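Colleague: Chain order of the listed sequences is F and Y.
Letter by letter, the first sequence follows residues 1 to 306 of this note's numbering.
Letter by letter, the second sequence follows residues 1 to 306 of this note's numbering.
What the hints contain is simulated information worked out from the structure, not anything from laboratory work.
Since the structure is predicted, the reported quantities are computational estimates derived from the model, not experimental observations.
Be aware that one or more of the hints could be misleading.
[Stated by the list, open to error] Reference listing, derived: stretches of chain Y covered by chain F, where coverage requires no fewer than 3 residues with Cβ under 8 Å from a Cβ of chain F:
| id | region |
| --- | --- |
| 1 | 79–92 |
| 2 | 102–116 |
| 3 | 148–160 |
| 4 | 267–278 |
Quick reminder that beta carbons are idealized off the backbone N, C-alpha and C, glycines included.
Protein chains: 2
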Amino acid sequence: MSDNPAVHLGPDQREDLADAVRRGGGRLVELADAEAVVWAGGASTFPDGLPESVRWVQLPSAGIESWIEAGTIDESRTWTSAVGAYSDVVAEHAVALLLAGVRGIVGSARATRWLPDEVGPPQSTLKGATVAIVGAGGIGRAMVPALTALGAEVVAVTRRGLPVEGAVDTLPADRVSEVFDRADHVIVAAPATSETKALVGADELAAIGARGWLVNIARGSLVDTDALVEALQDGTLGGAALDVTDPEPLPDGHPLWTAPNVLITPHVANPAHLQGGALADRVEDNVRRFAAGEDLEGVVDLSRGY
Amino acid sequence: MSDNPAVHLGPDQREDLADAVRRGGGRLVELADAEAVVWAGGASTFPDGLPESVRWVQLPSAGIESWIEAGTIDESRTWTSAVGAYSDVVAEHAVALLLAGVRGIVGSARATRWLPDEVGPPQSTLKGATVAIVGAGGIGRAMVPALTALGAEVVAVTRRGLPVEGAVDTLPADRVSEVFDRADHVIVAAPATSETKALVGADELAAIGARGWLVNIARGSLVDTDALVEALQDGTLGGAALDVTDPEPLPDGHPLWTAPNVLITPHVANPAHLQGGALADRVEDNVRRFAAGEDLEGVVDLSRGY
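For reference, chain F alone in the conformation it holds in the complex (with noise of 0.2 Å):
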């Protein structure tokens, strides 16, 4: 505890993050004399051998993949991410992508004529249908209640299958397969690990059906492409809304490009020029945290990799 935190900022004076430490209650500081750092850059720039008055380190992404990699981060400190903290930004792309499925908007951006019969597949609602998120961490409980509002019903799926706020019911990890059958549309966002490779595959997608949407806001890894481009040429699937792919990015000429009830959006869900506020308010409230002794958000678990 630490009544007014002595913080480092670097590797820049962002002056939104020096006035979101400011706000939090902390005053900035050179590396030397500080009891935190907060790190607005890349792991290749990050100081070598950080003084031993710093406890805590505010890392800038949600994904810690290349400061583990780099040997950044050790024991002998508290480390926090950003995960979470772009939850809200990536929750409303993938419920954007959904009713831009579900409400035959895919098709009308693309027509330059008046044809209201023509435009896709027939529109469905939201209201009253079932929407599973597979992978409800931070991100798939963001959406929940954008869905909830919409009149939907959420049924989540979880590691251990612990109650999700809002959702009707919550599956564990290994009852995932009886989701992609209850649901009309599916929604992907569950974190990409050899158990989630290729999650979705010709089985699922069938289950979803011809009039379902399969919505991918997490990696293009968990969808089988080959599997799913057969699906909608077949029309065992209704659609998909993918801001992830696999490959990534998609290349030119691939089939998916032109199949009538896809859309694709470039992984732009979480886009840098958004992130900026998110990330702002994260110090602000994590310095204002430290400053009170309280647990921190993002806490980094080295022994689970994030």
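Place chain Y on chain F using the hints.
Modeller: Frame of chain F; chain Y shown alone:
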């Protein structure tokens, strides 16, 4: 009040509506024996000279202009329209249009290559944005929960400015000009009247601004189309997502069809195939209310014309 009201269903014996009448506590009878009529057809086929025993007629549409013109609606009994029954479906479309604009989905839907930096204007987010709903009647009000769940602040405009639940502020219609400056994005949901004709012109579009989106799910006449084309060309408005246009249908070759930041859905916010369920819900509810002697939903006031 009538415990088990005698309801005539016409012109066809639609199964979903027959079930709704029964679920509401009614029994189906011939017209001559009816206390109430549920009419699922147009004005032209409506029976001439209803029996005096008919105390209530449920019409299938939200707007009743055609019934007023046909002289069907008399003062000797209660008439109800389906006003409000379809609000959620239309409101969902408005939210879908706004998100498609804000999240860069219009450009992405048209892209046939992975072009993260070229798919349109910089994305923004509804989180922390101010969204004005101009005309917060049943449809406008139905948008508020989803918009606030996404973190937007809603400013509403209604005829008299009485508070709208969930909005941070509600202005009366004679102060509508204030909201275009105040809001980041504007959704037009007001009825088409002589007072709302070209309500959104060059000044209002410039006030919404270069990052803002205009959404119109009301009637095309509320927006000055020529001023809109000009504002988009000059970049004084960020983009427009329109379910209705003026003229409508928008003619082939119109500049809006090929403007980069314009999304046009061809008046499909309330598609016929999604109306059945909503009408059945309204019929069930109103039959139950009729049986219980309660106020009916959507009572027509001939003096107001709706």
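Colleague: It remains to establish, for every hint, whether it holds in the given structure.
Modeller: Hints versus structure:
1. 79–92: holds (count 3)
2. 102–116: holds (count 14)
3. 148–160: holds (count 4)
4. 267–278: holds (count 6)
In the structure shown, no violation is registered for any of the earlier numbered hints.
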